[in-house]
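Novice: The listed protein sequences correspond, in order, to chains A and B.
Under my numbering, read the first sequence as residues 1 to 439, first letter to last.
Under my numbering, read the second sequence as residues 1 to 305, first letter to last.
Treat the hints as calculated values from the structure; they're not laboratory data.
Remember, predicted model here, so these are calculated numbers, not experimental data.
All residues carry an ideal CB built from backbone N, CA and C; glycine is no exception.
Please note: incorrect hints may appear among the correct ones.
Covered stretches of chain A (in silico footprint by chain B; criterion: 3 or more residues with CB under 8 Å from a CB of chain B, positions within the stretch not fixed) [claimed, not checked]:
1. 172-178
2. 254-263
Okay, the calculated bits of chain A under chain B, using three or more residues with CB under 8 Å as the criterion [as the list claims (entries may be wrong)]:
3. 127-137
4. 276-284
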Amino acid sequence: MRPSSLPFPLVFAWRVFIFFVVVRALMGVQGTTLFAGKHPIINPYYQNILINAGIAIILAVSLNLINGITGQFSLGHAGFMAVGAYISAYFSKEIGGVLFAQLIALISVHISKQLGTLLLTFQQPILFTIAILVGALAAGAAGFLVGLPSLRLRGDYLAIVTLGFNQIIVSLIRNWKAVGEASGYIGIPKFTTFAWVFALAIACIWSIRNLASSALGREMRAVRDDEIAAEASGINTTRVKVVAFVYSAMWAGVAGALQAHYIQYANPNDFTFLRSVEVVVSVVLGGLGSITGSALSAAGLTVLQEVLRDVPGAFYTSVALVGLAAYWNFVRVKSEQSGSKSMLRAFVVPFFALIAICLCYWSPQVNAVLERVFPRLDLPDLRAALESSKGALRYVIYSVILIVVMLLRPQGLLGRREWSLAALQRGRRVGKGVEGNLA
Amino acid sequence: MEFLQQVANALTQGAIYALIALGYTLVYGVLRLINFAHGDVYMLGAFFGLFISRWTGALTLSQNNKSVPLWMTAVVFVGAMIGSALVGMVIERFAYRPLRTAPRLTALITAIGVSLLLEYGGQMAFSPDPQPFAALIAERNIIDTPSFSLSLVQLFIVGAALLLMLSLNFLIQKTKIGRAMRAVSIDRAAAQLMGIPTDRIIAFTFALGSGLAAAAGVLNSIYQPSIDPLMGVQVGLRAFVAAVLGGIGNIYGAVLGGLLMAFAETATVAVGLSRYRDAVAFAILILVLLVRPAGILGRNVAEKV
């Protein structure tokens, strides 16, 4: 089979695998493995980031099915995630183990003892698979409930209703005694490993990409581009929209299950409007309708959250953002009008932004110099102020990124294009939209 | 009497919701944009009020249990409203005006970004901890029976809100700029062709809505004297639901929705379901939208092909 005939995510996974094999061969140190051992290539800290990135990718790619490909606006993805997380956690903590033990006992007595012991060794993956499926089905049912009003509502109103469902779900969980109410659900078994997240993220990208390029996916894009024309062409828009909601919600449920079984804890506050907004941000940032764009930006934002934990990281991120903004602004101005004066003007705001960032970062030094000249100025130490408000700083930069991208590059990083390694090797991007990739 | 007490409390809360909902509805009327940052402008209004009362000395007076003179209360109100109006105009100028011609979704996402920026920027600037607010109105009950009590604060809130709403109604229905606002909300392009400076009208609408939000912020802070940078999230969301409930874009709908919202909330608490407050609010919204997709007073406009 030629590599190019394989679906893109498989090719991508294969290449990542090859990369790690090569890295490992190059290291050549005994006891070095990918995840465990004395000197693992991916130490627990990086593994944590990778798992979070995988969960974020599943969320963003699945939301892209509703917001990007079907053109509806859902602001309640965290609600579906919560349903998946809680239902699957409840299953694997309260029901699954008991049920499984009884099943094993029945099998050992009535069928064969060997089969019983064999099943027992695979207890964890079997239970986790069922838990994920249960969570996904429950989230899918929730998606069906939310999809129904989408038949009547459009645009802003739909966004509000999905937001409302998110709030309602969180509110119900906060009052559900069996799962710890507002203080959170503790003692969820730790089933999630990197392999699970990786495999499911690949499966999510692969299945949604295939769905988007199927006949149904074409109908979804028709609904996005013009709902009335789509309906006039004989497309059952109701069915298309509900399918998009249900399928997307199911994957959000999977992501919720993975997260709950990873941190072994679920708190209703983790699934509020803010989490939904985070998912929307990664979809919009990657480009509405671009699956690879969503995946890249979800992974990138996860890494960014780690980077933004300290002030130097925030500094480098801000400088990079200013550079990117200056470039986008330059491109925009260039396409609108010519003339060296307006070209220069495109860099005025980024220039001052850069100076402001540097002034904040080197605030102690700048203050020391200034106070030598004007001794009674008593300037505030901006850097110390930034360091004392880490959590807030992270969201401030996050929101600035969102605003800057919307103002200067509303189509997102990739627009509706898809991106692949094979195309990169050939030195160009493939096509415009999903169709281009199919040719 | 228990019932009457609940009605009085609901009316107070409803007046505050209605003032915020008016801002959502005004902006939606002229721009077709859900201004997600509106709840945070309300928060800023409360903080402006705090700064001004600190500056005029009203805060120290109320902390020493002395009554605050009326002129200080007036200065706090006017100052907070002007400050928030300016913030609203700045937000409109830099975050929404460049996107006038872009798809509406883009502006909605920018609005979410501005909202997050104000919330977490507020945490950085004012510290995330709750801060006490000045008692600008004397804490004294006008009617004080064992079963029913009405405080001066409640009366002041309802009175001030009523005054603001009536002046808003006058402004929109009887003045030249109000007529221009109505024209922009009906058809922006046509209004521009008739010589209406639409950009200026939209900026004015933002200032108006933000000023009302600031008034609501100060009123609410007098009622519940503790403010923090995230105080606008829940209240803003509820007021927004109220605006949609009444029919977004319709100012009478916003008032009706605000009152309905407050009454529903009070009823939820009264029957002992206070922990389901949010769920009930949104359930009502979803039910109303399913029956009347444009809200109670909103007109359902058929889509033209």
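Novice: Does the segment 172-178 of chain A contain three or more residues whose Cβ lies closer than 8 Å to a Cβ of chain B?
Specialist: Holds: 3 residues of the segment 172-178 of chain A have a Cβ under 8 Å from chain B.
Novice: Taking beta carbons only, do three or more residues of the segment 254-263 of chain A come closer than 8 Å to chain B?
Specialist: violated (count 0)
Novice: Can you confirm whether chain B covers the segment 276-284 of chain A, using C-beta to C-beta distances below 8 Å and requiring at least three such residues?
Specialist: Coverage by chain B holds for the segment 276-284 of chain A (4 residues, Cβ < 8 Å).
Novice: Per the coverage rule (Cβ-Cβ under 8 Å, at least three residues), is the segment 127-137 of chain A covered by chain B?
Specialist: Since 0 is below three, the answer is violated.
Hint violations for this structure: numbers 2 and 3, all remaining hints satisfied.
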